[in-house]
Each structure stands twice: as C-alpha cells, then as structure tokens.
Amino acid sequence: MRYLLPLLAFLALAVALGLGLQRDPRALPSALIDQPAPAIDRPLLHDASRRLDTAQMRGQVWLLNVWASWCEPCRSELPALKVLSTRDGVALFGLNYKDRDGPARAMLEQVGNPYLASAVDADGRVGMDFGVHGVPETFVIDGAGRVRYRHTGPVTAEVWRDQLMPVVRSLK
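Mapping the sequence shown onto the UniProt record's numbering, position 21 (from 1) lands on 21, and the numbers just tick up by one.
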C-alpha cells in the first residue's frame, strides 16, 4: 500500500506527458474558426488614400496573410505566395502587422508583391482582433465573411497544396 500511491501518481503523470507529446506544438487553436472575420477597414500600404474594407469582399473566398518586413519567414514565403495565388486564382490580401510603411514597401518591391492589396496595421489592433500570435499567419475566409481556417508559420508549396487549397476548394 505504501508504494501504491506514488506508483499511481507516476502513472498519471506518464499518461499526461504521453498525451501532451502527441500534440502538434505549432497548432494554435483559434476561437475564430467558423466565426465572422473581424472587420478590416485600414489604409492600404501603397495608397493611404484608399482602404481595405473586408465588407467589399462578401461573396468571394479569400486569404488574409499577416506579415511584416522585420519577419524573415514572411520574406521567404512571398515568392511562393505570388506564384501559388496567381496560378490557382486565389484572392490574397495582406495585413502589414506592427511595421513601418517604408521598410514594408521596400521589401515588397525587392522580393515581389503577392497581394491584391495590403492593409496597414501599425498598432496591431486588427491583428489582435484576429488573435495573431506572431507572423506570418494566414486565414482562409469564406464568401459569407467567416474564418474557415488558420495557418501559423510560413506558407510553402506543400502547405498551400495540402492545407490551404483543400479548404479553399471546399468553399468555392
């Protein structure tokens, strides 16, 4: 009996550890899945007199890629995003998160701009509304304006093919 309690405690701890090791540490749950996407009404990076207004995107499936010029993974995903979104005809919009306009524009000019438009979120409020933990993050938003999928980390050809496009195709 003296060894039974420590043995049971050890077994419970081992089971909890085993279950924890089976989870993907990069998978971040999002409370926004199947919920209306937060409104975006921000000035555009390349033309501050115009705004990105998500209400105008009703009826189409689109992606929102949250990025910043100070983010090296963001820089590395831009060429792939440009090729893949153009090839597959997916509307891709950017949200320049907690960044300065000059370096952000320079990065897009240098590496290539995959976005139909990119909104400025200098204070990070829109990113907070989306529950952004870090950049890059990509959201799939359906024609009714609901968030259907969230990907954290850079988008590669494999992520595009295996994770994002199946969701996009199912919504079209």
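One should not assume that every hint holds.
The calculated label-pair distances, taken between Cβ atoms and stated as ranges, are [said to hold, decoys possible]:
{"no.": "1", "residue 1": "Gly18", "residue 2": "Met128", "range": "19 to 25 Å"}
{"no.": "2", "residue 1": "Ala9", "residue 2": "Thr152", "range": "31 to 37 Å"}
{"no.": "3", "residue 1": "Ala9", "residue 2": "Ala55", "range": "22 to 28 Å"}
{"no.": "4", "residue 1": "Thr152", "residue 2": "Pro103", "range": "44 to 50 Å"}
{"no.": "5", "residue 1": "Ser170", "residue 2": "Ala106", "range": "33 to 39 Å"}
{"no.": "6", "residue 1": "Asp34", "residue 2": "Leu11", "range": "17 to 23 Å"}
{"no.": "7", "residue 1": "Gln60", "residue 2": "Asp129", "range": "28 to 34 Å"}
{"no.": "8", "residue 1": "Ala106", "residue 2": "Gln35", "range": "32 to 38 Å"}
{"no.": "9", "residue 1": "His46", "residue 2": "Phe10", "range": "55 to 61 Å"}
What the hints contain is simulated information worked out from the structure, not anything from laboratory work.
Just so it is clear, CB atoms sit at the ideal spot from N, CA and C, and this is done for glycine as well.
Taking the hints in turn, this is what the structure says about them:
no. : hint                        : verdict
1   : Gly18 x Met128: 19 to 25 Å  : 35 Å, violated
2   : Ala9 x Thr152: 31 to 37 Å   : 35 Å, holds
3   : Ala9 x Ala55: 22 to 28 Å    : 55 Å, violated
4   : Thr152 x Pro103: 44 to 50 Å : 23 Å, violated
5   : Ser170 x Ala106: 33 to 39 Å : 37 Å, holds
6   : Asp34 x Leu11: 17 to 23 Å   : 37 Å, violated
7   : Gln60 x Asp129: 28 to 34 Å  : 21 Å, violated
8   : Ala106 x Gln35: 32 to 38 Å  : 35 Å, holds
9   : His46 x Phe10: 55 to 61 Å   : 60 Å, holds
Of the numbered hints stated above, those contradicted by the structure are hints 1, 3, 4, 6, 7, listed in ascending order.
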